[in-house]
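Order-wise, the sequence lines are chains A and B. Quick note, the working numbering runs 1473 ahead of the 1-based positions in the first sequence. Quick note, the working numbering runs 2 ahead of the 1-based positions in the second sequence.
None of these hints come from the bench; they were simulated from the model. Quick reminder that beta carbons are idealized off the backbone N, C-alpha and C, glycines included. Treat the hints with care, as some may be off.
[As the list claims (entries may be wrong)] Some, not all, of what chain B presents toward chain A, calculated at C-beta under 10 Å:
#1 TYR181
#2 ILE197
#3 PRO200
[To be verified] Over the 10 Å line for every Cβ pair with chain B, so calculated as not near, a few chain A residues:
#4 GLU1560
#5 LEU1679
#6 VAL1753
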Amino acid sequence: MERVSLRDAYGDTLVELGEKDERIVVLDADLSGSTKTAKFAKRFPERFFNMGIAEINMMNTAAGLATTGKIPFVSTFAIFGTGRAWEAVRQTICYPNLNVKIVCTHGGITVGEDGATHQALEDVANMRNIPNMKVVVPADDVETKEIIRNVAYADGPFYVRLTREKFPRIFQEGKVKFEVGKGHVLREGEDVTIIANGVMTSFALLAAELLEREGIYAEVIHMAWVKPIDAELIVKSAKKTRAVITAEEHSIIGGLGSAVAEVLVENFPVPMERLGTPDVFGRSGKGWELLHYFKLDEKGIIEKVKKVLERKGR
Amino acid sequence: MIRFEPEFFKKRNREIDELTLRAIAREVRKDILKMTTNANSGHPGGAMSATDIIVALYFYKMRHDPRNPKWEERDRFVLSKGHVCPALYSVLARCGYFPLEKLMEFRKIDGDLQGHPDMHKTPGIEISTGSLGHGIGAAVGMALGLRLSGSSSRVYCMIGDGEAQEGSVWEATMAASHYNLNNLTVILDNNNLQIDGPVDEVMSIYPALEKWRAFGWNVIEINGHDFGQIIDALNKAEESTFKPTIILAKTVKGKGVSFMENKAEWHGKALPPELLKEALKELGEIV
């Protein structure tokens, strides 16, 4: 599969939005080259605000801009935007439910060589726990573009989690409708449900292929929206397969795995396994090396599938 | 009590004498004490140090419309030290944003006047604040946004001296100067007392004036209880051609009630009912 850049898709879409709407403003914290907001900065310098290496103030400033009718997109690396600036996001953006779109790149382990300090494995958890915040983890460039276009005109705060690494393209342009809070069944199956987002969705599709050769039919659901989550789809699939695993490039604590577990436990408990980083920090290495190092790949998924099927009593 | 027509507030630099401002401030201080005692909580000390400045902003300086809180041409006020909101609530009520009776809902479970300002619950609040160090950044964003829209509205923001210990205050201070936000006026309510004691003993912010000057701001120092000085400073700030302005207002915590003045203990504690009576008497209430 062709590998595509989510952050480039973001930068291009910002320019596209900026052309059509003067209310779009962009803030960055000295990382515009990496987050790709530099594309917008070059085209619309008067509507781009470099806030320097000061993420807390960047969030507060974005909130202030939103009160004057602007639509601010705020970007930095995921760990700084959702970690260092967490309290500003909670107090000044989410509590007043302001129209600020936080789009962070460099989420997950695939940050690579920079290592543990720069790899956000807690960002989805950090954002998911704040009232009014919506959280989405796209899988490829096509989905990223659609999500950016959608969140620009959806009310309130959003967190969009993007990555440094290029990921395989999954969706065809114009073929899929992206709605807030809706998951996508990418492959139907009866034996087990694999729910994934981000880069893990492409591994889930690969794992499903391999499992089929063993006579195991997996249903693959791409669940970009961690909040609001598509509870209806999760329960519907669990009722069919009676075994669920989740796969995410994030800690198993507080992210997609937790969100799916919450839905299942309260609605339709079935055996479930979570694949993600197991409550540990990352380390240096190449992005794709690290995915394999932490078993965030088709092998890791297949392992979890076998384990959950054993518990299901197959 | 003097009544103002809503039209009165719609232009800047209104005709109003100091005696009237002082009379309003006395009523506001009484409100603060009644509200906090009624809630048996809240922050009377800092609210009373901030009172005269907030009164001057809403009754003399700022362009606003109590009948239309979202009026596009209004000036904005951000209370970054959100805990002193009783002063702001009282001023908003006395401008006509909501009935005076509502003040007794302060901090009550079914009331609209939260312990710290909530922009969606209370008309006239520009942005929710309460956690120190964030409001000034939001004020920077408002000033940027208004300038970008070609608006002549000004942004006013009050911060506390203890609040200036927050790093994010300095992030915002740097940004305001970098972006030449001459439409922003920050007032530092310098009563020199925070919860644990004098600011210079807990964590000194001094020399404060020199810090803001070094950050590229237009700086003005005043007595924050002298309406003549407050008004002059607010007017001078408007003349700044490219720098944001900070007005360092020397104030007295608990101002107006002899036994509360300069006492850190009245930072976050309401007067018990017997002391409230004493205090109201000092403020000229006929009991």
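Hints versus structure:
no. : hint    : verdict
1   : TYR181  : holds, 7 Å
2   : ILE197  : violated, 19 Å
3   : PRO200  : violated, 27 Å
4   : GLU1560 : violated, 6 Å
5   : LEU1679 : holds, 44 Å
6   : VAL1753 : holds, 30 Å
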